[in-house]
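Colleague: Each chain, letter by letter, is given below.
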Amino acid sequence: GQQLNQSPQSMFIQEGEDVSMNCTSSSIFNTWLWYKQEPGEGPVLLIALYKAGELTSNGRLTAQFGITRKDSFLNISASIPSDVGIYFCAGLRTGANSKLTFGKGITLSVRP
Amino acid sequence: DVKVTQSSRYLVKRTGEKVFLECVQDMDHENMFWYRQDPGLGLRLIYFSYDVKMKEKGDIPEGYSVSREKKERFSLILESASTNQTSMYLCASSDMRGALVDTQYFGPGTRLTVL
Chain R
37 GQQLNQSPQS
47 MFIQEGEDVS
57 MNCTSSSIFN
67 TWLWYKQEPG
77 EGPVLLIALY
87 KAGELTSNGR
97 LTAQFGITRK
107 DSFLNISASI
117 PSDVGIYFCA
127 GLRTGANSKL
137 TFGKGITLSV
147 RP
Chain U
22 DVKVTQSSRY
32 LVKRTGEKVF
42 LECVQDMDHE
52 NMFWYRQDPG
62 LGLRLIYFSY
72 DVKMKEKGDI
82 PEGYSVSREK
92 KERFSLILES
102 ASTNQTSMYL
112 CASSDMRGAL
122 VDTQYFGPGT
132 RLTVL
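First to last, the protein sequences are chains R and U.
Quick note on my numbering: the first sequence kicks off at 37 and runs consecutively.
Quick note on my numbering: the second sequence kicks off at 22 and runs consecutively.
Read the hints as simulated data drawn from the structure, not as lab findings.
Treat the hints with caution; some may be incorrect.
Just so you have them, the derived chain R footprint on chain U, three or more residues with Cβ under 8 Å [unchecked claim]: (1) 90-97; (2) 125-132.
Below are the EDC-like pairs computed for lysine to aspartate or glutamate, each with C-alpha atoms no more than 20 Å apart in a straight line [unchecked claim]: (3) U:Lys24 x R:Glu77; (4) U:Lys74 x U:Glu38; (5) U:Lys91 x U:Glu43; (6) R:Lys106 x U:Glu83; (7) R:Lys106 x U:Asp59; (8) U:Lys78 x U:Glu90; (9) R:Lys87 x U:Asp116; (10) U:Lys39 x U:Asp72; (11) R:Lys135 x U:Glu38; (12) R:Lys135 x U:Glu77; (13) R:Lys140 x U:Glu51; (14) R:Lys140 x U:Asp59; (15) R:Lys135 x U:Glu83; (16) U:Lys74 x U:Glu51; (17) U:Lys78 x U:Asp47; (18) U:Lys34 x U:Glu100; (19) U:Lys24 x R:Glu74; (20) R:Lys87 x R:Glu51; (21) R:Lys135 x U:Asp116; (22) R:Lys135 x U:Glu51; (23) R:Lys135 x U:Asp80; (24) R:Lys87 x U:Asp123; (25) U:Lys76 x U:Glu90; (26) R:Lys106 x U:Glu43; (27) R:Lys135 x U:Glu100; (28) U:Lys24 x U:Asp123; (29) U:Lys24 x U:Glu51; (30) U:Lys74 x U:Asp49.
Note that beta-carbon positions come from the ideal geometry of N, C-alpha and C, so glycine has one too.
All chains should be built: construct the whole structure from the sequences, respecting the hints.
Modeller: Structure (C-alpha cells):
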C-alpha cells in the first residue's frame, strides 16, 4: 500500500538541540498522527491532529497539520537522551473502513 | 488509558507449526488491527476487523488468518509458520469517531522467530 514519505531515515542531534521532522504525501489525509517507538516496544501515540492548520503541543513536542492536508511536521524542543527512538507519522482518510497509512519512520539519536 | 496487551513478547517456533498470537484491548474499541514490522519496510497491515466475527484483508494477508469471536480479543493465526514470517507483530485497536475510524493504539508487540 501507499506509504508516507519521511526522511532522512536517521537523525543525530546533540542533547538540548531542537529537531524537526516532516512527513509528506501526494494524497490528502483527514487525520495526521505521530507515534514514537522505543526498541522492543510498540508505537506510542504522541499527538493526533484532526483539522487542517491545527497546531498541537504535548510537552516539548509540537505538531502541525499542513494546510494542504498533504503534510505534517513534528518538532521536539530541548532534546534529552530519552527522546531516542523511531518517530512514525501516520495518515487517515475519511471513511468508516479507512486504514492508517504509515511513514517508514525516522530513527532519532541524541548524543549526551 | 487505553490498554492493548499481546499474549507473548517473544516467541520461537519451528517451521510448519501452527502459531497463535493473541491481542486483547480493554477499551471496548470497535476496530482491531494486526501489523507486522520489518526493518526497511515499516508497518504493514495484515488483517483488520471492524466488528465481532468480521474480518478484512490488509495489504499482506497471505499465510495468515484471524479470528474475532469477542469484541475485546483479536487473534492472528499462522497456519503453517515459515521462516519469512519471522518478524515483529503489532496489534492495534481504535474506536469510531462519529462515522470515522479514530486514532489507533498499539500493543507492545510480539517478536516471533521461526526456525
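Colleague: For every hint, state whether the structure bears it out.
Modeller: So, going through the hints one by one against the coordinates:
1. Using a Cβ-Cβ cut-off of 8 Å, 0 residues of the segment 90-97 of chain U lie near chain R, which falls short of the minimum of three, so the contact claim is violated.
2. A stretch counts as covered by a chain when three or more of its residues have a beta carbon under 8 Å from one of that chain; for the segment 125-132 of chain U and chain R the count is 7, and the coverage holds.
3. Straight-line distance between C-alpha atoms of Lys24 of chain U and Glu77 of chain R comes to about 14 Å, which keeps the hinted pair within the 20 Å bound.
4. Proposed proximity of Lys74 of chain U and Glu38 of chain U is contradicted: the alpha carbons are some 25 Å apart, above 20 Å.
5. With a CA separation close to 12 Å, the supplied pair Lys91 of chain U and Glu43 of chain U stays within the 20 Å bound.
6. About 31 Å separates the Cα atoms of Lys106 of chain R and Glu83 of chain U, which puts this hinted pair outside 20 Å; it is violated.
7. For the hint linking Lys106 of chain R to Asp59 of chain U, the alpha-carbon distance of about 26 Å lies beyond 20 Å, and the restraint is violated.
8. At roughly 17 Å between alpha-carbon atoms, Lys78 of chain U and Glu90 of chain U fall within 20 Å of each other, so this suggested pair holds.
9. For the hint linking Lys87 of chain R to Asp116 of chain U, the alpha-carbon distance of about 18 Å falls within 20 Å, and the restraint holds.
10. The hinted pair formed by Lys39 of chain U and Asp72 of chain U fails the criterion: a straight-line CA distance of about 25 Å is larger than 20 Å.
11. This hinted pair does not check out: Lys135 of chain R and Glu38 of chain U have alpha carbons roughly 30 Å apart, beyond 20 Å.
12. Taken as a hint, the Lys135 of chain R and Glu77 of chain U pair is honoured in the structure, with Cα atoms around 11 Å apart against an allowance of 20 Å.
13. Under the criterion of a C-alpha separation no larger than 20 Å, the hint pairing Lys140 of chain R with Glu51 of chain U is inconsistent with the structure, at around 26 Å.
14. For the hint linking Lys140 of chain R to Asp59 of chain U, the alpha-carbon distance of about 10 Å falls within 20 Å, and the restraint holds.
15. Between Lys135 of chain R and Glu83 of chain U, the direct Cα distance comes to roughly 18 Å. Compliance with the 20 Å bound is thereby established for this hinted pair.
16. With a C-alpha separation of about 12 Å, the suggested pairing of Lys74 of chain U with Glu51 of chain U holds against the 20 Å cut-off.
17. About 24 Å separates the Cα atoms of Lys78 of chain U and Asp47 of chain U, which puts this hinted pair outside 20 Å; it is violated.
18. Our distance criterion of 20 Å between C-alpha atoms is met by Lys34 of chain U and Glu100 of chain U, whose separation comes to about 12 Å.
19. The straight-line distance between the Cα atoms of Lys24 of chain U and Glu74 of chain R is roughly 17 Å, inside the 20 Å bound, and the hint therefore holds.
20. Using a Cα cut-off of 20 Å, the hinted pair Lys87 of chain R and Glu51 of chain R is violated, with the two alpha carbons roughly 32 Å apart.
21. For the proposed pair Lys135 of chain R and Asp116 of chain U, the alpha carbon gap of about 13 Å is at most 20 Å, so the pair holds.
22. Restraint check: the Cα-Cα separation between Lys135 of chain R and Glu51 of chain U comes to about 14 Å, which is no more than 20 Å; the hinted pair holds.
23. A distance of roughly 10 Å separates the Cα atoms of Lys135 of chain R and Asp80 of chain U; the hinted pair therefore holds under the 20 Å criterion.
24. For the hint linking Lys87 of chain R to Asp123 of chain U, the alpha-carbon distance of about 13 Å falls within 20 Å, and the restraint holds.
25. Restraint check for Lys76 of chain U and Glu90 of chain U: the C-alpha separation of about 11 Å stays at or below 20 Å, so the hint holds.
26. At most 20 Å may separate the alpha-carbon atoms for a hinted pair to count; Lys106 of chain R and Glu43 of chain U exceed this at roughly 35 Å.
27. The straight-line distance between the Cα atoms of Lys135 of chain R and Glu100 of chain U is roughly 25 Å, outside the 20 Å bound, and the hint therefore fails.
28. At roughly 15 Å between alpha-carbon atoms, Lys24 of chain U and Asp123 of chain U fall within 20 Å of each other, so this suggested pair holds.
29. Note on Lys24 of chain U and Glu51 of chain U: the hinted pairing holds, with a Cα-Cα distance of about 14 Å set against a maximum of 20 Å.
30. The straight-line distance between the Cα atoms of Lys74 of chain U and Asp49 of chain U is roughly 15 Å, inside the 20 Å bound, and the hint therefore holds.
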